[in-house]
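Sequences listed follow chains V and D, in order. Numbering follows our numbering, in which position 336 of the first sequence is assigned residue number 414; successive positions increment by one, without gaps. Numbering follows our numbering, in which position 125 of the second sequence is assigned residue number 128; successive positions increment by one, without gaps.
None of these hints come from the bench; they were simulated from the model. Every residue gets a Cβ at the ideal spot worked out from N, C-alpha and C, and that includes glycine. No false leads were slipped in.
Chain V regions said to be covered by chain D (calculated; three or more residues, Cβ under 8 Å):
(1) 143-156
(2) 159-168
(3) 174-188
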Amino acid sequence: MSRLRIENLQKTFPDGTRAVKGSNLCIDAGEFVVLLGPSGCGKTTTLRMIAGLETPSGGRIELADQDVTHLRPAQRDVGFVFQFYALYPHLSARENIAFPLRAAGVPSHQREAAVNRVADRLAIKHLLESRPSQLSGGDQQRVSLGRAMIRTPSIYLMDEPLGTLDSGLRLDMREFIRSQQLELKVTTIYVTHDQEEAMSLADRIVVMDQGAIMQTGSPASVYDHPANLFVAQFVGSPGMNLIAGCIQQNGRPSFRPHRSDACIPCPAVTTAGDATLGIRPEFLRLDPQGPLSGKVAMSEYMGSVTFLHIDVSFGRLVVRADPNEMLRPGDSVRVNYSAPHARIFDAAGDAL
Amino acid sequence: MATGQQSSDGLMKWGLVAPALLLLIGLNIFPLAYNIRLSFTKATLTQAPADHEAVGGRNYARIFKADESNRYAAALRTTARFVLMAVSIELLLGYLLALSLKPRFPGKSVVLLVFLIPMMLSPAVMALFWNLIYDEEFGVLNQALRFVGFASVPGWKTDTAVKFYTILMIDVWMWTPFMMLISMAALNAIPDYIYEAAEIDRARRWTVFRRITLPMSAPLLILAALLRTTDALKQFDYVMAITGPNDPATETLSTLMYQVMFRNFKVGLGSAYAIVVLVIVIAVATLFIRYLDRLREQEHAL
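Work the whole structure out from these sequences, hints included.
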């Protein structure tokens, strides 16, 4: 049984912006799905339409096999975690978490018990009497999670919940959200522009750009087999190296980058003509016998790994190298690559 | 050299403060001190200061005399009743108007403009206009009432039981827009996402109003009520226009003071009364300032 089904969902704002241009998506019970994309890609609008905070301009939303397209948020069984927490500033953390129960008319002793249970789980028992303004961003987001959890809705919707936290806290909270989700097995849709966050949290990633879904799949499949150039570039940090050129079929396919005489091996494809070859930095390596020669332009030391930016005749490549590799800008190097890991995109930008 | 610098700095400071200080002393402190002195005399407006006859606390004794016919106490009661009724009616009406004007609708700005006009007009001029409207024979109000079929029409300005409310209605007409404006600001200051969160939390409209809208707009409402209280305490214009001073049914602190000082020329007694009024105003102002401080503290906590 699918928990959520979206059919041809569209949203055009009064100013004419087409935020969502007909999305289709099916989410199973217990799945953790991340909507990933740059700002303005329509991911938040999609989430808000699922919550009922935004009215779709077209299409259909089904929650637990029930058409909810035109129901108010209160009539859908959803929990929503806002990017800026949206806690009630005049209420204590305790009252904030208890608010959904109070709204439902649950008697006070039951409310108390439920709040304590949730607070235990979120490790915020000592903060319950504080006002939101007295709490750190991370703690405010915990309270906001608590408010969403107390009612056990059938689906959790999270709108960049960690977007405003600093990086250390973000990692902690990310881990926390993931462990909660694994334990409680609630269906979750999570919006973020941070591809690393998406990879680490998701069962399934939905990559969006300009109001359209670009690709849907497991983190590994999105990373290894990007459906198009946008996904190739957006997912991964740094993104895939993309080389524009053309495929030649002389017996076996080879790839010739534009503005270059170099001919590099290419995975087995049957087409010829203009194409883009994509290769991840980890499948390029420094090799004195490599077919590509270039000069180091920049070196990014990341601790466990160094990313070398190397200028070759047809552009710049990012190569993952051993952090012990002591290369300076201007040094000449040769680069080899693993052809089976290369991806080919056709002239329209779609993966072959 | 350092001391030279310091003393010239000191001179500079005093030089900068002096004009304001002189104004303060000349226009506030001296008159207040003189007023206190006058309040212990039997001075009249026509006497030279040398002839003021000291009477000790007799003026104050007269003001505080426990007596049914004590008009000073009566004016205080009338003013208190006026402030209480005016401020609460205006606050309630203003808030209700602001709530009902919250949703967007076509022509909203025109409606708002119409509602805000009374507030923009001069109270004294409006009082005179209302005087015409309320006229028993020729006033628009009674003509309208007769037209729709009322056989007997109220004596708005003469009926002892009605006069007070006549004046109250002018104040409500004039200042409800102010309360509406502040209420609208208070309501607009509540961010949309709070309502979205409440909607997600499945709060009913009444719960949203009672648990969110009302408590979150209350601080500004209280501020507005305090402002209006200090203002209504000074009620003078409408009373002067509708009944004139010296009418026991509508006599307020200000009109009584005017009557004693400038019609009866009893400057000594008037001064004593002014001091009593000052104490009342200081008490209200203190409440006001305390509340502002508390608001600031809360904002610090935010």
